[in-house]
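Novice: Given next are the chains, with one letter for each unit.
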Amino acid sequence: MKVAIINYGMGNLGSVRRAFEDLGAETIIASTPDDLLKVDKIVLPGVGAFTQGMARLSAEGWVPALHNAVINRKTPILGICLGMQMLATQGYEGGQTEGLGFIPGEIQKLDNLGCKLRLPHVGWNEVYYPSVGEIFACINSATDFYFVHSYAFVPDSEEYIRAIVNYGTEIVAAIQKSHIFGCQFHPEKSSKAGRQLLKNFLNY
Amino acid sequence: MLKVRVIPTLLWKGFGLVKGVAFNSWRQVGTVLPAIKIYNARDVDEMILMDIEASLLSIEPDGDSIESFAEECSMPLTVGGGINNLEQVQKLLYAGADKVTLNSSLYETPTLINVIASHFGSQCLVASIDVRQNGLGKYQCYSHAGSVPTHKCVVQWAKEVADRGAGEILLTSIDNDGTMQGYDLDLISQVCQSVDIPVIASGGAGKYQDMVDAVQQAGASAVAAASIFHFTEMTPAGAKAALHKVGVPVRKIFASNRGL
Amino acid sequence: MLKYCVRCVMPQTKPDLHMDTEGVCSACRSFESRKEVDWAQREKELLLLLKKFKSNDSNWDCIVPVSGGKDSTYQVVRMLQLGLNPLCVTSTTCDLSDLGRTNIENIKHLGVDYVEFSPNPLIRAKLNKIGLTEVGDISWPEHVGIFTIPVRAAVQYKVPLIVWGENSQNEYGGPAAAAENNTLTRGWLEEFGGLLGLRVSDLSEVYGIESKFLLPYQYPSDAELQQVGVTGLFLGHYYPWDGLANTLIAQAHGFTSLDKAVEGSMVNYENLDNYQTGIHDYFKFLKFGFSRTTDIACLHLRRGRITRKDALDIVQVRDGKFPWTYLGKSLHDILELLDITVDEFIRICDRFTNKKIFKRDASGALIKDKDGNLEKLNYDNL
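Chain order of the listed sequences is A, B and C. Here the first sequence stands for residues 11 to 214, where the numbers follow my numbering. Here the second sequence stands for residues 1428 to 1687, where the numbers follow my numbering. Here the third sequence stands for residues 6 to 387, where the numbers follow my numbering.
Where hints are given, some of them may not hold.
As the list claims (entries may be wrong) - With a straight-line cut-off of 27 Å between C-alpha atoms, the simulated DSSO-like cross-links for lysine-lysine are:
{"id": "1", "chain 1": "C", "residue 1": "Lys-364", "chain 2": "C", "residue 2": "Lys-375"}
{"id": "2", "chain 1": "C", "residue 1": "Lys-134", "chain 2": "C", "residue 2": "Lys-361"}
{"id": "3", "chain 1": "C", "residue 1": "Lys-131", "chain 2": "B", "residue 2": "Lys-1440"}
{"id": "4", "chain 1": "A", "residue 1": "Lys-202", "chain 2": "C", "residue 2": "Lys-361"}
{"id": "5", "chain 1": "B", "residue 1": "Lys-1579", "chain 2": "B", "residue 2": "Lys-1634"}
{"id": "6", "chain 1": "B", "residue 1": "Lys-1565", "chain 2": "B", "residue 2": "Lys-1672"}
{"id": "7", "chain 1": "C", "residue 1": "Lys-381", "chain 2": "B", "residue 2": "Lys-1440"}
{"id": "8", "chain 1": "A", "residue 1": "Lys-202", "chain 2": "B", "residue 2": "Lys-1679"}
Rather than coming from a laboratory, the hints here were simulated on the basis of the structure.
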């Protein structure tokens, strides 16, 4: 099982790589788009701003390579935090910016979505899902995962929502469209629960 | 519901872990790696690792060591000490830190907050504020491991760092630090009321009730402690149990329902 | 670069050690202050204290924790000379050597009642392994047992007074308040008893060892301690402590030393009972940049037996060598008890090595000689 973790200069690569290595996957840090050609799974990590993230992805030629791998070759992908947000159609952090468009939806600031609590939303919070998606196998609803973000994914359709979290308002915690997954929280930093989720992604 | 975090703090000076009292009388008490491994095994919420010598000696963050520490850490790790430019932040995040905390350099160059926040996002930036009470009872900020008075009032400074884009504030009472006599609730309360970003209380925890008070009475989003976790039988798990007992939401232990 | 005391050869990395503005360490200062101690007065205080606790023949007068080593042999000799009837208590060490066994039997034949408590060796081996892999301290269960077993004995045999040997804070420095402390309390154990990190509660909660197997490592409750009135004193507070002098007295009373200096050390008269000590001492070197030889060189230097120059030379020759053998037993055999291979051991060593202290190559990897020994960046102040 070969997992490519995309290195576009914004992300906690070390933690993500270690988490997958601990699970026995062969991981490569993908530094050029060609690295996506021979892998079984892709992980798009991300810590930072949407505009910066997309700018970096575009500048380094990742966008067409990702389209090729994910849309054409149907390589499963997991977007984490900013990585999940970039799967959207567009984001409004620092102006309107186009995302990858893999899952229809947009990225909005939490206070625009009705959250009146302290931002960023940082810490452990319970993730709920009405029914178990593949990514949450063996994980009970209401398990705590680690969040650190100020923006959230608002999908065009509820069918893409796999989990929600409550922070002043309901926020999308995880999404899925076929083989495309995203989680707003950081599974690589969510200890045992996070490991289980990553394992589920590997097993998909 | 967001949980209150209990965060062990590791103070790193030179070659190992230290404990101090009021940012003084530093005592070398061991090395960093074993402590990180223990807290990781105990599944704590987060960890803070502060290099308290870096700003005084103007030395670069030790990326190599941090990489080996981060390797043992499967929960969020915040690293601080002597950080004063973007490249260092990048280096630390790449080495495995999840968040960085800055203190002294922010007084000299407040725009650094804006720059780091716009580049890496507010969520990775924790503004660390060390405070002493002066003769008139006013809270004043100090830089360089508590050795240089900045003549800034804490509430004003807290507001400024929050406005500029810091994600969280790590607020430490120098006077109470290492004494295990309790947090400075008045200080914490003043800062929590003046900003809309999470505040991590630090400095003085001596018993679990101190942490309960910091959260319930003063409004802290998280509590950090060093001395009580290193030197007494008290543990982060015990702290969370005490918080849970009085109704404060804390992280539950994960038990896979089919085993990993 | 490491900074060293300008008087002895101890580096600043030693836990609880302070260097003052003149560059002299607190252990040297503490030794200096011995001149001002009225030892005659101290002995008087000790005799008064012991009189208070002397039993009326219905019970032992005190508990003396012993290991069989030179210091505990000396302690027992001293107690007998002072006319006391001690109950000697040993917590059997992790991997008892033949010489260790011989010296334990020697103490018994000085003429004392003796309790040997041997913790479950299978559990002990598990704890050694956890200590080694998790905190880089193979002797973790030993450190705990040394305090808990005698204190449990005090409670169970209802003998309130425990007579310890030296207050390690006095000879080796430490915060001033503790250096003056001559009684052992739970607070002391927690602060100075080497409990940093791993707790007994972790063993059951994190590592899955059932609490019923950890009884020897549990300190009695405060209520139990109060009921018996357990207290402890350090003989080292009342008599000027000296390892070599203790050895001479012990040898005169049948204690046996090794025929040559112990591996990693510069003397042949201590740490003779536990084959795992070599590993423990080596990890001290990896973490702090000094080990057993440095400790002993400093002790003798302070007493004017060797010069600082000689101490530096001895340290360079013997300190911190990779522990291929200890007391003649091979590393492979010592590790077999813990189900660890030598290769795994080397990986664990590298993990806990404080890389800032040692020479590394351009890629950042530690430089090792053909025997696997590391080299420090500096062995003295530059």
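Novice: Each hint should be assessed against the structure and marked as holding or not.
Specialist: To see whether the hints hold, each was checked on the structure:
1. Between Lys-364 (chain C) and Lys-375 (chain C) the CA atoms are separated by roughly 15 Å; this keeps the pair inside 27 Å, and the hint holds.
2. Taken as a hint, the Lys-134 (chain C) and Lys-361 (chain C) pair is honoured in the structure, with Cα atoms around 26 Å apart against an allowance of 27 Å.
3. For the proposed pair Lys-131 (chain C) and Lys-1440 (chain B), the alpha carbon gap of about 32 Å is over 27 Å, so the pair is violated.
4. Distance check on the hinted pair: Lys-202 (chain A) and Lys-361 (chain C) sit about 32 Å apart at the alpha-carbon level, beyond 27 Å; violated.
5. With a CA separation close to 31 Å, the supplied pair Lys-1579 (chain B) and Lys-1634 (chain B) exceeds the 27 Å bound.
6. With a CA separation close to 34 Å, the supplied pair Lys-1565 (chain B) and Lys-1672 (chain B) exceeds the 27 Å bound.
7. The hinted pair formed by Lys-381 (chain C) and Lys-1440 (chain B) meets the criterion: a straight-line CA distance of about 19 Å does not exceed 27 Å.
8. With a CA separation close to 11 Å, the supplied pair Lys-202 (chain A) and Lys-1679 (chain B) stays within the 27 Å bound.
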